[in-house]
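Construct the complete structure from the given sequences, taking the supplied hints into account.
Quick note, the sequences are listed as chains A and B, same order. When we follow the numbering used here, the leftmost residue of the first sequence carries the number 1, and every step to the right adds one. When we follow the numbering used here, the leftmost residue of the second sequence carries the number 255, and every step to the right adds one.
Everything labelled a hint here was simulated from the structure, so no lab data went into it. One should not assume that every hint holds.
Chain A is faced by these chain B residues, among others (derived, beta-carbon under 10 Å) [what the hints assert, rightly or not]: (1) 357; (2) 358; (3) 372; (4) 416.
We put the beta carbon where it would ideally sit given N, CA and C, even for glycine.
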Amino acid sequence: MHGKLAKWVLPVLVLAALIGLWQILASTGALAGLLGLESFLVPSPAEIASALWDNRSLLAENAWVTLKEILLGFAIGLALGLAFAVLLRLSTTLRHAFYPLLIASQAVPILVFAPILVIWLGFGIWVKVAIVALVCFFPIAVATLDGLRRVDPEATKMMRSLDAGRRQLLWRVEMPSALPALFSGARIAAVFAPIGAVFGEWAGADSGLGHMILLDNGQLETAREFAAASLLVALALALFGLIALAERRVVDWR
Amino acid sequence: MNAEFGRFAAQAATPAAGAPLAVRGLTHRFGELTAIDGLDLEAPAGAVLGLVGPSGCGKSTLLELIAGLREPSEGAIEVGGASAAGERLAHCAFMPQRDLLLPWLSAVDNAALALRNRGARRGAARAEAGRLFERFGLAGFERARPAELSGGMRQRVAFLRTLVAGKPLLALDEPFASLDAITRAEMQAWLAAALARDPRTVVLVSHDVEEALYLADRVAVLSARPGRVVEELSAPAPRAADRDAAVTDPAFVAARERAMAALHRGSR
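As structure tokens, this is what we get:
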């Protein structure tokens with residue numbers, strides 16, 4: 001009981017305390033004074049909450065756009081990352097050709113290519129989907145491939161001796177063994193996905209939470225900007241939680 | 255030589271009852287290192303051949319060579335007349351040291367792996383493997399996950415998985431090494447009974463002389479690397495149902511001492 005209490009209640013208390021402190025510092029003008037700003041530029045949590053409520057339909061509309069970008073991009077990145085990992089596992093030639101590039105590509109800040117992708121793909125949803133898919137692809141491909149490679153060589157011998165072909169070895173042993181690694185790749189991807197969507201929207205968009213943040217920033221609508229940002233955080237947390245939930249359902253032997 | 259194998263095969267009651275094994279002039283190297291050097295072994299169909307030796311003598315490598323998981327550097331291995339690695343693989347079922355049950359599959363699905371690998375439908379494979387659960391003291395645990403089973407039960411499922419493959423030769427690599435002493439003794443008696451009901455040619459690698467002498471018809475004592483046969487012993491008595499009585503029999507004790515002496519000679 002004490003363990004559970006420490007695990008859930010304490011972080012919530014810390015978060016509540018931080019928000020409370022922010023509320024006090026913002027509503028008394030102390031925070032704005034410290035930053036040398038007009039007080040309307042430093043909204044309190046209560047002001048952000050009312051902005052969230054007052055602009056609920058506008059925010060919901062834009063959140064739906066961003067959510068679509070995130071989910072579509074994540075799904076495409078997941079499918080491609082998985083397929084690529086399996087392909088590299090099955091073919092030594094492909095692995096030798098692509099694995100070093102795959103590892104090196106992790107150091108490439110894909111987000112800086114967002115403006116170029118906008119030139120190529122236009123201002124529609126697909127450029128954002130493409131960026132989200134790209135940022136999701138790499139962690140999933142790398143993690144899954146590593147998971148597939150970490151299979152116990154003794155298990156491989158056992159399966160060969162029980163008349164398993166390459167395909168049976170892949171589906172009966174390698175893929176299930178790689179699932180925990182796949183999920184940790186997916187969790188990393190879930191963290192990157194909203195960032196990818198926002199960068200895509202910043203590079204060129206007429207809707208979405210990222211677009212709203214940029215717009216509100218220009219108009220010094222800081223409370224609404226915070227509201228949009230907190231919705232984005234909520235989306236990211238929800239996606240992360242969904243993946244953790246799926247992992248518990250799928251990897252049920254641990 | 256083939257006529258001789260033919261005779262052994264004719265002696266076997268059914269094809270599953272075993273295939274003769276012959277190892278001739280077997281040498282295996284890993285790069286510069288010679289793991290096995292000019293080794294000869296033979297086992298008629300349905301016999302249990304025990305292999306004991308100091309650690310690192312190449313016992314496990316020898317087992318993998320016999321099971322067709324490796325090709326030898328030199329020499330010949332024939333299982334039921336088949337000599338190519340691929341053919342041996344088709345004739346042998348290999349049971350690794352650890353049970354290596356797949357944790358995401360139920361006990362019965364683990365036992366049915368070979369059937370599924372050969373394309374049997376899930377229901378048919380489960381039914382066929384499930385039929386053996388009662389006889390192997392596993393009734394009621396068909397749907398349990400490996401994590402829910404005791405060490406001895408896991409080992410029984412692993413053996414079942416090897417048996418269900420229906421191959422004439424079983425290659426067992428220290429099958430009970432991971433178990434505690436009491437469970438190990440129980441499992442040895444259990445395996446003896448299982449083999450009496452369902453005879454196969456068995457190559458049993460063990461570091462435990464007593465286990466090998468109790469379970470095997472013949473025991474080959476191997477030397478330290480490079481592995482050679484130091485001495486071959488016949489088992490003192492046919493596998494008895496009562497393990498405790500068997501291992502305290504004077505003939506058994508004498509055989510154990512001879513095997514231990516051979517082990518010491520070979521370790522030098």
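A quick look at each hint next to the structure:
Hint status for residue 357 of chain B: holds, given a least beta-carbon distance of 4 Å to chain A, under 10 Å. Because the closest C-beta pair between residue 358 of chain B and chain A is about 5 Å apart, less than 10 Å, the hint holds. Contact between residue 372 of chain B and chain A, as hinted, is supported at the beta carbon level, the nearest pair being about 5 Å apart and thus within 10 Å. Hint status for residue 416 of chain B: holds, given a least beta-carbon distance of 8 Å to chain A, under 10 Å.
Taken one by one, the earlier hints all hold for this structure without exception.
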